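Since the structure of chain V is provided, determine the placement of chain H on it from the hints.
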Amino acid sequence: MIGNVICQDKVDSGFLPGEGQELSHQNREFLWRLFVEIGKCWKNVKWDSSNLKSSWIDLIKAKTEFAPSYTGEYINATYVVQELIDMYGEKDAFHKLFLDNGIPSGPPTTRLAHAKKYVIDEFIKMQVLASGFKHFGGPNSNYHGYVKGSRYTLMPEVREFIESIEESK
Amino acid sequence: MKTKYDYIIVGSGVAGTTISKGLLEHDRNISILMLEAGPVVEAKTRRGWWDYITLDRTPYAYTYDLDWEAKSIGKINFITSGARVKAYGGSTMHWGAWALRFKPEDFHLYTNTGEGGDWPITYDDLEEYYCKAEEYLSVCGDDSENWTRRSKPYTMPPFKWTAADGVMVQAFRKVGIKPGKMPIARYRKCMTTGTCKYCPFGSRFSAQYVLDDLREDVRHKNFTVRPNCVVTQIICSSREKIEAIEYIDSTTGETIREHADTYIICSGSYETPKLLMKSRNSYWENGIGNDHDLLGRFIISHSMLKVRGWTPKNPEKWFQEYDFPTLMSRTYDTEEQQKKGKIFLFKNRVLPDIDIASLMIAGKTPAQIDDIVSGPMELELQAFMEEKGKFENRLQIVPGKDRFGLPRTTVNFNRTDEEIANTDDRLNIMKTVIDAMGYKIVYAKTEDPGAHHTTGTCRMGNTPAEGVTDQNLKVHDIDNLYLCSNGVFPTGSAVNPTLTLTALCMRLTDHLIAQSNGH
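Chains as they are written, first to last, in our numbering: chain V, 1 to 169; chain H, 1001 to 1519.
The shape of chain H in the complex, shown without the other chains:
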């Protein structure tokens, strides 16, 4: 084995993969060791796809957290199960690939509202990287919508609204909401199978495909990926310097130490702070970078607001044809809405849910199926609502390990009465849309947050008292340790985080290259 790498990267998801790709494109001979706690799950297999179709079973679902591995202990149930794929390639194996930019005001939430946090960088600092990230992920979008300023157009045209979107598009306009087309990461080879969660063609971006390409490229002689390797400690030689990473190879039980010039922790918003918390020593008694007790704090994700409407007839026999929503709006995702809570609106991707096969399996006759298809129909308007990070909302390690050797987790998440009242206010806005459609409201509710979009747990800040890392994602007071996951975000905005994370990865890569060139 090599004695010292240029970089050790912990985590093989979109962050670790994107950084590796950028570094290798700059210098094919650079030495990178990537360590991944989870196993390799094969993509694009025929059996895997057929099992997904016939059994609704994906080959990576067994890596999802079980309830005893990540528990919610606050008043609001913070749902971790099903949120993250603990495997080679990470959570882009199962993501929906909705790829939206944060907006300029999202970087100044504390300044604008007195709540949450401020980023030590601005939207303009990240804008060129948003353009690069959209190209890399192959984001299809509508330039004419103009939700936020951009210096380059989308790489591909948007997916059009489906016929079943029409009634909601018209209702949006009636109530003064501007309808838009969902920006989605899909390559040109998309064959519209609607089986995005396990695409048979590899048409939806997945870090696994990029990682496979990097490993198979014969020029990358010094790029090594080791799955089933759980990093247990970061070892310091002084307060300012990381000397080594210690990990356990789950397949052999061996404990191994590896050394690098620079370490980058890309283990997601849960495992990144947990690893630092666990790595206590005489220089960092409370965990690496944790003198101010910020690790695991300010945890947020998105609440999901839902308003469902019902109509007695579906004469056009609509059913959902894509596996992603095509209709969305950012009308309430603006600076004016930050205090009450921004919402990102979108039409539910699975309704109208006419499962023809299930009707046949249940023994319905052709005439009965015809009646059901053209009979009562439900549509649903959903929204992600921005949460604001609070110090007391936190993620912690508890004794014990999960099935992959990672420490078990608790999440303590709560909301204020004012925040709960604000969600009701947002639901009332959404109800006006269902009313304008002429549909009867079946329910209007706020669901517990899912951990898919968790941010804040090792946030950026200008000083060690404000954040774990600086604006370049370097851990304060440590020369050679960087963090790159959703956890570094001081705010969560109202939209999905992956595009912003990818942009940050590309910015960090440029910074690392500049550092290595002596700038």
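Looking at chain V on its own, in the form it has when it is part of the complex:
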């Protein structure tokens, strides 16, 4: 498993406590940077994910302002990722974190595993549904969670099957 004393620190598999805490500006900036790195790794978004920021802010707000709060998990993730950057350098740190982290399967019992399950994995899901899926699907595709828009606009909301008149007879 990657990382050192912080990443491999053993913790309970339940939510890391964070009730009553608030994310600092620094925490938020760091978490946003982590989110942007997802798009850089898989090259599946444009404009450095800037067009996804409003959805990301909505996610963070919902996850920290309502119980159970993710604040403890988010702060934990900043320490974990900082240790990886300090050890491996920025480029390798994110590569290892996303693609080669060595975390065993099962409930998360280390700080690294917590960061992966509750922060990185959820950020990935959010990124994909917010438009990251488009890179992998065909043109005009839709995806669960993507707000494609009303079916009454000119743009088709999904990739459609259009039959010829001969075929439909």
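It is worth saying that the hints were derived from the structure and are not from the lab. Keep in mind it's a predicted model, so treat the numbers as computed, not measured. Be aware that one or more of the hints could be misleading.
Computed Cβ-Cβ distance ranges for the label pairs, DEER-style [as the list claims (entries may be wrong)]:
# : chain 1 : residue 1 : chain 2 : residue 2 : range
1 : H       : D1125     : V       : F15       : 54 to 60 angstroms
2 : V       : M155      : H       : E1216     : 33 to 39 angstroms
3 : H       : D1213     : V       : S105      : 45 to 51 angstroms
In this text, a Cβ means the ideal position worked out from N, Cα and C, and glycines have one as well.
Chain H only, in chain V's frame:
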């Protein structure tokens, strides 16, 4: 508290809500007490939606039956877990909103086949209410398909077939099956997020939204909804008259009796007969309306038939884009097929299942994900198969209560050898479609029935020996007790029951209004 209501309605799902709405629209001052055993689960919350997206967790899932709360004891496993939402608003919180009409022959199954039951009403008796129900639920459909006669068009145009439907559409045509577009209850504000199970915009009909509107309407001064209130007894003052309802407020433990002129039990196909069974007294020794031991009997739902096909490549990179199927067919949902068992065909709504986020989470590189997306693909043809009610297939109460204070349940469900052979015959029809697609068949199987579409447990009939209620859903021999749930259906057809239930609710509402006007 009020001393006597005009109506007490037990259950806050689509039936109780639709009836309440109709009665209040007729007279805003009417007094209705609605009692719901379950809690209130908030809809349309941002946190609820994000948890659904990131954790695949819905806020109402904890109300689903646990195995020890509803057990299957027959040879066929009748699966209750996951089928019903025991909360304010009921199961339309999680339904897929497929909204199809029964067909005329579904009302005469016994006459046509010698099995199952006959309804004491016909399709034509219900047709105008089907039109109203489609408008109320905002059903999008294709009028040109003409599966059954209708006097008004659909309220909105259908959702079109997706690109991934195309190969199955063409295969349908090759084997002589007419492809159609699934009628779906979606409002104009649908934003095609594909997260219908917890829609962030409220675009899929849910009784909860209607109930919220009714409660918040300042004109409805005498409309009261009490969640967390488990009705335990229906009290008779004579054989012909219900005097009161007794319930326990789960939050305080208090036992309370309330009185009304008319009582309507809308507690679904499980709890409606169970409440009547429990309500024994000197006038009804076997339970209210149960002199002929029909409560809980004839239980049916739909078997799900599945044939899955595989192809080595997905060059167009299709994946499933809606959270509901768009392709269906009623070619085998006809009178000619009733004896062997009608099937309602539809394409599996989750395939091709390319979960891109899961691939990234598993550490797949962009190139690996590209290969997977355009690599082997599976599609699946599914079908609901009509079951025919049998007296010996039954739902019963057993000692003990569930987490919400409702009696625990057993379901004893079995099939005949002939029925099992018929499902194999239906699967062979479905296999021809997968073959015509040029796909390799991975499996063809019949799954155990899920309780989502349970009907028959307190069915309608012309006489007390044939049914628990009459054609107006009034319990035979009782002046002021009505039942309105899927349980009153004598047959289950091959399609989802909610549109038909909604139509019945509207018909019952008209009947109650006519009664109150002295007609």
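Hint check against the structure, violated hint numbers in rising order
As far as the earlier hints go, not one is violated by this structure.
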